[in-house]
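Listed in order, the protein sequences are those of chains A and B. All residue numbers for the first sequence refer to the working numbering, where the first residue is 353 and numbers rise by one. All residue numbers for the second sequence refer to the working numbering, where the first residue is 252 and numbers rise by one.
Think of the hints as simulated: they come from the structure by calculation, not from any bench. Be careful, since some hints might not be right.
To be verified - Using 30 Å as the maximum straight-line C-alpha spacing, the simulated DSS-like pairs for lysine-lysine come out as follows:
#1 A:Lys510 - A:Lys549
#2 A:Lys549 - B:Lys443
#3 A:Lys544 - B:Lys523
#4 B:Lys443 - A:Lys586
#5 A:Lys586 - A:Lys549
#6 A:Lys544 - B:Lys443
#7 A:Lys379 - B:Lys361
#8 B:Lys443 - A:Lys572
#9 B:Lys443 - A:Lys552
#10 A:Lys510 - A:Lys572
#11 A:Lys572 - A:Lys552
#12 B:Lys523 - A:Lys552
#13 A:Lys586 - A:Lys572
Unchecked claim - Label pairs and their calculated CB-CB ranges:
#14 B:Ala296 - A:Arg489: 54 to 62 Å
#15 A:His606 - B:Ser295: 52 to 60 Å
#16 B:Met386 - A:Thr594: 55 to 63 Å
#17 B:Glu524 - A:Asn409: 17 to 25 Å
#18 B:Ser295 - A:Arg485: 23 to 31 Å
#19 B:Met386 - A:Glu500: 35 to 43 Å
#20 A:Arg489 - B:Arg289: 54 to 62 Å
#21 A:Ser514 - B:Phe434: 15 to 23 Å
#22 B:Ala504 - A:Lys510: 24 to 32 Å
The model shown is predicted, which means the values in this text are computed figures rather than measured ones. Note that beta-carbon positions come from the ideal geometry of N, C-alpha and C, so glycine has one too.
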Amino acid sequence: MTATDRTAPSTSVAPVISVRDAGIRFKRNRRASRSFKDLFAGSNRRKRADEFWALRNVSFDVRPGEAIGVVGRNGQGKSTLLKLVAQVMLPDEGRIRVDAGVAPLIEITGGFVGDLTVRDNVYLTAGLHGMSRAEIRDAFDEIIDFAEIGDFVDTPYKHLSSGMKVRIAFAVISRLDEPVILVDEVLAVGDKSFREKCYKRIEELLSGGRTLFFVSHNDKDLRRFCDRGLYLDKGRLQLDDTIEAALARYAADHGA
Amino acid sequence: MTTASAPTAPATTASTSSRSAGRRYRQALWLLTVRDLRVRYSTSALGYLWSILDPLVMSAIYWFVFTQVFHRGSVGEEPYIVFLLSALLPWMWFTGAVSDSTRAFTKEAKLIRSTTIPRSIWVARVNASKGIEFMLSLPVLAVFAIAAGAHLHWELALYPLAIVLQCALVYGIGLIVAPLVVFFRDLERAVKLVLRFLFYASPIIYGTQALPDRLHDIAALNPLSGIFGLYRSAFFPGQLDWLEVGVSVVVTAVVLAVGLVVFRRSEHRVLKEL
């Protein structure tokens with residue numbers, strides 16, 4: 353199945369993600385002196401000498417069911433954009449509205465605690481992402497099956513191999529019943545067969561009408577999942593078109 | 252529905268239509284608190300004993316020093332071990348929660364970067380897990396009170412008030428300390444130093460009545476004076492000073508208000524630093 357098989361979402365539906373003139377700036381030098389005055393100063397003040405805008409004047413809408421790929425070189429703000437949409441970072445200017453729950457496949461192993469068992473960790477992480485105990489209980493076997501770690505349910509998480517850790521984390525987050533999925537190159541890890549399994553899961557979710565926001569350097573993956581592409585360069589949204597057009601523009605700009 | 256707008260967006264959850272933000276906040280807070288307690292108790296054989304061993308050893312030392320070595324005279328009340336424990340147990344909550352809140356963000360950076368739960372939970376959960384530990388240590392106080400023959404008074408009814416006040420105070424301090432430590436790492440050590448000073452500046456090994464008159468008013472400014480007085484009045488009604496309680500309520504309210512402002516204003520910067 354390819355992305356083009358799905359029916360294009362109608363343009364009359366209200367956007368599920370709405371980004372308006374969003375901008376975020378970072379300090380160039382993390383060791384730069386910080387004073388208490390700096391901390392409490394309004395953020396609408398002028399740009400400081402040691403700061404730069406990682407993203408600026410970014411505006412776009414995403415309608416339910418769209419699959420969007422974000423294209424650009426390293427350090428052009430792709431992951432930052434994803435974090436803004438996931439609302440794990442807040443913009444310094446502009447507005448980002450997300451009208452639905454988000455399943456962020458970003459730093460997926462972040463919530464897992466080494467000293468607790470896999471079972472406890474599944475309940476903890478899924479619970480933190482908003483699933484109720486009953487929902488987790490119903491989904492538990494499926495999550496363990498998907499991760500292929502049935503023998504290690506009561507093993508402390510820290511004793512799992514790194515591949516297993518990623519597998520169980522992906523199994524939990526991808527099982528979240530949220531309308532929006534954010535994927536940030538997490539699939540670059542794991543062995544080939546598991547990666548294929550992850551891709552199948554994402555395609556299932558997509559055909560179930562989810563909205564996908566996908567960051568990758570891999571043209572093949574981008575073409576496989578996405579129908580619309582955002583091309584970021586120098587912290588600006590340079591192009592918002594089909595994924596083919598975005599990839600072509602990227603190739604033209606950077607001679608890929 | 253959530254809206255994140257620059258620059259000081261309130262921490263709102265990306266709640267699904269079926270679940271309210273309030274329920275999710277409570278669920279996440281509960282999960283994290285249970286996780287803390289479970290990690291602590293599952294990784295050590297003595298588990299629960301550790302959380303009461305610390306105040307027990309401390310009280311044993313102070314009891315020995317002040318009743319067997321030095322003669323403290325009129326400082327504190329009899330039985331002294333109950334007098335000590337009745338303030339030392341809430342002090343353990345206070346000092347544990349405040350020093351842990353210096354690492355509230357840095358320790359959980361990965362989890363904070365990947366979930367959208369309201370960021371104030373990271374402060375609240377430190378407070379909650381230490382507060383629950385405090386409650387769990389109360390039977391120890393009861394055992395000593397019975398063994399030493401201390402009498403209970405109606406002021407025991409003030410215990411919930413003391414707990415609510417302390418909860419608010421610790422939360423307010425956490426809201427100030429946690430984000431600032433992210434920017435000023437030195438603050439972590441400064442907080443430890445201040446806590447050590449505060450141990451002796453608060454009525455734990457003594458009561459505020461034992462202070463000279465000119466220090467009395469200064470001691471009242473310490474919000475812990477009023478709070479510990481409330482706790483103590485259950486066994487020692489003479490330790491209750493409504494002026495101190497009143498000052499304590501005001502100071503706590505101010506700390507909480509400042510905390511909420513600091514937290515809101517620094518939240519988006521904290522997220523960028525993590």
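Task: List of violated hint numbers, smallest to largest - done: When the structure is compared with the hints, numbers 2, 3, 4, 5, 6, 8, 9, 10, 12, 14, 20, 21 and 22 turn out to be violated.
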